[in-house]
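Novice: Starting from the structure of chain A, add chain B where the hints point.
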Amino acid sequence: MADVESPRPVMSLKEQREELRNGNVVGYHCKACGEDRFSPMLRCPKCKSGKVERRTFSKTGTVVTYTVQSVASEQFLNETPFAFAIIKLDDGPTVSGWIPWIAKPKDLPMGQKVEYVASYKPGMMFEKR
Amino acid sequence: MRDVCVVGIGSTKYGKSDLSARELMASAAQGAIADAGIDPDRIASGIFGNAFGVAEKQGHLGPLIMTALGLDTKPATVVETACASGGTAFHHGYREVAGGFSDAVLIGGVERVSMLDTLTATTYFAYGSDFTYEGGTGCSFPGLYATMARSYFQRYGATEQDLANVAIKNHENALHNPLAHLQKRITMEDVMGSMKVADPLKLYDACPFSDGAAAAILCDEKTAREFTDTPIFVEASARAGSIAALHDRPDLTSLPGAVLAGQTALQQAKLTVDQIDFFEVHDCFTIAEVAASEDLGLFKKGTGAKAATDGLTRIGSKRPINPSGGLKAKGHPVGATGAGQVVEVVKQLRGEAGGRQVENARRGLTHNVGATGGTVVVNILSRRS
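Line order of the protein sequences matches chains A and B.
Here this note's numbering = 1-based position in the first sequence + 1216.
Here this note's numbering = 1-based position in the second sequence + 57.
Excised from the complex, chain A in its bound form:
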C-alpha cells in the first residue's frame, strides 16, 4: 500500500469537548441506518456502514436510570451527593450525564425531564427541567 494516511474520525474527542463547553451537544450519526451515537464511531455498530457524520443533537432528554453517588472519584469529590444518570436525548442518542444536588432517590424520579447545561466540570452536566 502507498503512503496513504489512515482516515481520522469525523470528530475528535477534543472537538466534542470544545463543542460541549460552548453548549452544543454533538455526536455521531450513521447516514446509512440513522443510528445516533455519542461515543466515537468510525463504523456503525448497528448496520456496519462506514458512512458516519457529525451531528448536533437536542439538549433535552429523559432519565432512563441513575445512581446517587455518595462516594466519588477525585474530580467529583466535592460534588457529592449527585446523580450519575443515563439520559435519552429527545432528538439524539442515549448519553451519560451528571445532575447536581441529588441526595436521595426521591429527588429524581425515573423519567425525569432534564436539560444539558454547559459547565466547568468534566462530563455532561444536566439540570432538572
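Hints listed in this document are in silico derivations from the structure and should not be mistaken for laboratory results.
Don't take every hint at face value.
Just some of the chain A residues that point at chain B, by a computed CB distance under 10 Å [unchecked claim]: (1) Ala-1299; (2) Ile-1302; (3) Thr-1310.
Every residue gets a Cβ at the ideal spot worked out from N, C-alpha and C, and that includes glycine.
Specialist: Okay, now just chain B, sitting in the frame of chain A:
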C-alpha cells in the same frame, strides 16, 4: 487442537498484604509448581493478569515475576482486561497449549491496591469504565452497577433485600474458605444498614479491594499424565465482548458479552447448563451475581434475584453459585480474580474444598467480567472420571 489440563494450582490468601505484586504472583506460582510436582524449567512461558500495576510505579511486571521464580530466560506477558485480566491470562495460556505451541504454561493473576487510600482506589477502579463518558462524568465503579440495579428493580420488581441475600450467602460460604478476605457471617440488618455507596447499592453489596494472587499450571494431556492420573480438563474457554459504555446498550439488566461467552463455552464443551454442578461467577456487586445467573441461563430473565432469596444458589441446592465466597467475601484482587476462580473450581473437582465442598462436583464453570462486561471470559472444567 489438543486437550488442555490443569495440573497445579496455587493461591495466596486474599486481603491486605505487605508483599509487592511481583512477590505475590511468584508466591502463588511457586505454590502451583509445587502442587503440580513439575520441574519449573519445563514451563515454557508465563501469562499474568494485572490491572493496576502502575499503582506500584512499576511497568513490565512479567520478567520480574519470572526472575523471582528462577525462570529469567522464559518469556512472560502481562494482560490487562480490567477485572477479567486473570481469566484472560488463563484463556491465552489455554490457547498456547491447545494450539501445540507449548506443553506447559504458567498462568496467573495478581493485584496489589491496599497501599492506595480509598479516594485513589475509587479513582483507579473508575478507569475501568469508558472514562471519557462514565468515570469522567463522576460515575464511580459501584455507580455503573448501581444504574444497572435500578433498571433491574424497575423492570422486574426485585428489591434491595433480594440483593442482600446474595451477600449473606457468599459471606456464609467464605466462612469455610481459609484463603478468603472476609471471613465474617453477616445478617440482613448488617447489609441493609450499611452505608449507601451508590444508591441503591450499599457497602455490603460491594466486594472489597483485595491484594492477592492466584496461579495454575496448564499442560497438554500427555504431559499432564506424567504428573497425575486425575488431571482436571479444560472443556471450554470462551471470550466475548460488550459495548464498553452503558449508555450505548439497549438493555442494562444483562451483559451481552456474558450471554455470548456462556453460550459459546457450552457449545465448545457440548454441554447444557444443567450438566454443570456449580458456578464461580463475577459478583463484584450483588446485582452482578444476579445478572450472571440469568446471562448464563441458570435462571430465567428477571427471576435471578428471587432465586437468591429462595436459597436456590446455596451449596446443596440445584445451582450452587460462588461456593468460594465469590468476589464479595473471598475478595477481589482485580487481576487475580479470574485465575482464582479456576483455582477454586479445580479444588472443588478434586474434592479438596473442605467445608464448602459441592458434593459430587464433576463439572464447574467460571465467569469473569472486565468492568461492566467489555470483556467476559467463561471457562468450563471437569474431572472426566
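Novice: Next, verify each hint and record whether it holds.
Specialist: Hints versus structure:
1. Ala-1299: holds (9 Å)
2. Ile-1302: holds (5 Å)
3. Thr-1310: holds (5 Å)
The structure is consistent with each of the numbered hints, conforming to all of them.
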